[in-house]
Structures are given as structure tokens and as C-alpha cells.
Amino acid sequence: MSATAAARLRKELSLLATDPPPGICAWPVGDSLTHLQAQVEGPDDTPYARGIFLLDILVPDSYPFEPPKVRFVTPIYHPNIDSGGRICLDTLKMRPAGSWTPSINIPTLLTTIRTLIAHPNGDDGLMPEIVS
Amino acid sequence: MFRDDGGPTAAVRGSALLPCNATCTEYCGFIEALGRQFRIKIRLKSPGGQVDAEAFACDAELSQILTSAGALPALRLRLAQTPDPASFVAELQDVLQRLLRAAPQSAPAPAAYYSRLVAEIDKVGWEHLVTISERLSHLQLRVSDAAGRHHVIGVTMPPDYPRTAPTCVADLPAPFALQWRAGQSSLADVLGQFRAALAPFLPLWEVLDDLDAHTHVLEPEHRSRAIAQRRVALAPHCSLSLALNPLAPRAAPEVRFLGAQASLAPFKAAVRCALWAQASLAPFKAAFAANAPRTWDPSRLLRANLEAALGAPLPSPATTLREDISGDCGICYQYRLADASGGGGSGGSSGAVPDRVCDNARCRRPYHPACLLAWLQGLPESRTSFGTTFGTCPYCSEDISATS
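Going down the list, the sequences are from chains A and B.
Residue numbering for the first sequence follows my numbering, beginning at 1006 and increasing consecutively.
Residue numbering for the second sequence follows my numbering, beginning at 2 and increasing consecutively.
These are calculated hints, taken from the structure and not from any lab test.
This one's a predicted model, so the numbers in the text were calculated from it and none came from an experiment.
Misleading hints may appear alongside valid ones.
[Unchecked claim] Some chain B residues flagged as far from chain A (calculated, every beta-carbon gap over 12 angstroms): (1) ALA70; (2) GLN141; (3) HIS151; (4) ASP172; (5) ARG337; (6) LEU338; (7) GLY379.
[What the hints assert, rightly or not] Listed next, the stretches of chain A that the computed footprint assigns to chain B, with coverage defined by at least 3 CB atoms under 8 angstroms from CB atoms of chain B: (8) 1008–1015; (9) 1100–1106.
Ideal placement from N, C-alpha and C gives every residue a C-beta, glycine not left out.
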């Protein structure tokens, strides 16, 4: 992993440890900086409230120029998340298909995912049967 | 019958190596090079076969010669390719002879040298001595100037001291040239000349110390008395690069503005007005200067003049935090870019600082030029002409460009 990525990840992890966004907890798996896990609490006033969802995050060597790969480990019934835990979210994809930029970091990305849980995107469903 | 054909039971030909186990896979003994002998121990992968270069061991003296020359990794590589112990020994001897020839003769100096050195240090006073090397050939001496600043001079004694002048390394803006009269000069003269060499720069250090104490100095990262250059923070993401004349530190320095053009414009106009009015800078504009306000006053320190010219005090560590003045790069989250080229050159400036700032007044995100370029080049919609890549800011999506 590049020095840029390692330095930035260390900073993000200390940010996650000292000042985590609401309902989000993330930590490195073992000594590796490239493999992280996160827990996202289901947002209140949604069917997911009181649920805790485990996510697996793989950070590429070229981070932050490329987005991390995020996957739900906990099964979730959601129109934008398939049975394998894959997430349909444009911030998780490179341009031009997606909208990843280095201005997004892991705390903001997890917040975006938490918002996606609360506000499913019906136009872009991975699971057509759930959308209806 | 004793065979001497390099066979498994024999000693290794051309060397003083003897087997030290029954299967003849381990040898120890001596290797000779340029009249010096070193004890070594080798292990063979099979009897009479290749030497295991990883298991090669030697005495401390040889190990020191090999490691100090940095030859060990290359040597291991070469030794790993030798087919048998005899060629291993020949190869090692060859390398060793070359290293010993290249290494300087390090015979201890005659006793008279030491007694003379101690007498000279006695004369200048032991309180001036900071460090001295193991062989008493290199020492550092310290003196204090009128303002109580400490200055250290490194003195390396030649083997035929005092016939040859010692080499001196001093932290001065100008090179320190030692005047040496063989046989008559001593360390006292070195210190005397060093003190004299310090004198012209006292005003410079006064100006620089004032800057260092009362402003956010972004560069150089590691201060040195030799550097007459400072980059001081002006406002968030704006800074002022000052190159002082070491011998006339109170005159107007060479000023360069760094940061977003829009936020710098008022500062630039103010400073330009102040410099323009300085008669010594533009004598042919004397008529104009006489009318313009003479704000640059050489009797004041540089910081006072700058603040007068800018019409506002420079941000000081007493009132602002460094983080508020200059943010980390929006891409790598670092202030100093982790420098792959290891550029820790003069002035100790290691790695670039984020001085490419988004021109959007509401964004003002700083980037390292290299980080921004890497991002823009990866964008499908970016375009490059004449080495400049145009794209959009990762934060505000305004147009931004980076030059390679």
C-alpha cells in the first residue's frame, strides 16, 4: 500500500476512534490497514431500527484515488443491497459510472450507507422484487 | 593417502581454512588480505560443494569493515554464486583487498598529537567542548554570541595536525574560511576566527529569531542558523516567502506570495506599495518615492516593517493555531507530503506543503500539487495541455488545474 494511503488511513482511523459519526463504529482487522470492519446501527424510525449491521471494508492500494470496497456481512432486506451484501451506491464507484472523489472518507462513506438504509433508492434497485 | 585436490577431506586450497566437523561441511580459519588476518567460518551445502552464503560468519573486525563499506549485501550475492569453497575464499579475498585499499589508513596519531590537543582545549576552556570523537580526531566547540545564542563549530583534525589546517564546519550563512599558519595557529585561533565570523550575522539572527518567535514559520521545517529564508503564514492558506540578505537583514527582503490569488491581492498591493516607496530599492523612482509614504523603516525589525506594510499583524503562535493557518491536503490528509524521492535537501524541507488552494472562495481547500495532479489525471473528463491538467475540485466541483 502506498505511503499516501497508509498515512491517510491512519488519520481516518484515529478520527473514527476519537470522533465517530452517529451510529457508526469502525476498526481495523488485525494489524492490516487495508482491511477494516464497521458496524452501522439501523436508523431510528425505520424497520432497521435497533439492528446492528456488520460491514466489511477493503481499501485498495490506490486509495483515496479509488473507492474502498464495502460489503454487508449481516444479511439485510433492502432494495439497494443484494443477497451477497453488495451495495448499489454511486459514491462507491469510480467516475464516470459513480461519483467517488477523495473528498469522501470512510466516516462519511459509512454515514452515506446509513442514510441509504433509511432512504432506499427505488429508481436504482438491485433487488427489483423488493422495490415493489 | 591425503588428497590435496580440493576434495571433501582436504583443507581449502590457498587459505588457512580447516574442516571442523567430520563430514567436512563446516570450515573455520583465517583469511589474509593486505597483511591482515581475519577469522572466518563457513558452512557448505554439501561436502566440497557450494558455500551457504547466509551462514557465513566472521570476526568483529572484518564484519565492521564489510558493513561500514555497505558491501555486505552485494558480497553475499556474489558469494552465493561461487561453486566451491576455494572460489568462495578467492572471491572474498578479492573483495576484501579492494575494501582495505579503498579504506583510509587509520593508524593512531602520535602521542604528541594528543598532548597538544589536550593542552589546546585547556587553553580555550573545556566548557566550549560539546562532543569529541572516540579517536579524538573530530570535536565540536561551542561559543555564545552577544545575544546569548549558542553556535557550534565542528572541527576535524587532519593526521598531521597542526602542520595542516583542521577542516571546520559551521552553521553560517556564508562559508567559514579558516586562516591557518602552520605550527603557530591553535584551537584558540579557530574559536577566535569563528567568533569574528559570527559578528556580521548577529543582526540577521536578531531579525530571524523575532520572526521565529512571533509568526507561524512554515519553512524551513528544521531551522538552521545558515538559512536566511523563511516562509511565514499570512492568512489561512496564504503565506509569504521571504529571502533575506544575510548582511543587510533589515532592508526589504525578496518577497513572494504563495496561495490563492484572490485572497492574496490586498496583501500584495499593500506590500508592493511599501517596497516601492523604499528609496534604496528604486533610486530612479526617487520623485515618486518622496511622495509615497515611506513605510519601510530599516531601523525597525523585519516583522514590524512587514506588519506596517500589511496594515495588520502577522498571525502569531500566541493567538492562532497552526491548523487554522494552513490545513492538511484534502487528498492525502497530510501537511508534509510523504516524499518518495527522500528530498530532505538543504533547509531540511522534506516533502511538499499543500500550497495549491482551490480558487473557489467558499471552498479554499488546500492540496499538494502532486496529489491534485494524480486525482485529476485519473478523471475521465479531465484534459491536459502543455503539462497542465484541468479538471474539477474533489470537494466543490469548481474548475481546478494542476501542473506536472
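To see whether the hints hold, each was checked on the structure:
1. ALA70: About 30 angstroms separates ALA70 (chain B) from the closest Cβ of chain A, which puts it past 12 angstroms; holds.
2. GLN141: Nearest chain A Cβ is 34 angstroms from GLN141 (chain B), so the label holds.
3. HIS151: Given that every Cβ of chain A is farther than 12 angstroms from that of HIS151 (chain B), nearest at about 35 angstroms, it holds.
4. ASP172: holds (31 angstroms)
5. ARG337: Per Cβ check, ARG337 (chain B) is inside 12 angstroms of chain A; nearest 10 angstroms; violated.
6. LEU338: LEU338 (chain B) not clear of chain A: closest Cβ-Cβ about 8 angstroms, inside 12 angstroms.
7. GLY379: violated (6 angstroms)
8. 1008–1015: holds (count 4)
9. 1100–1106: Per the Cβ count (3), the hint holds.
Of the numbered hints listed earlier, those contradicted by the structure are 5, 6 and 7.
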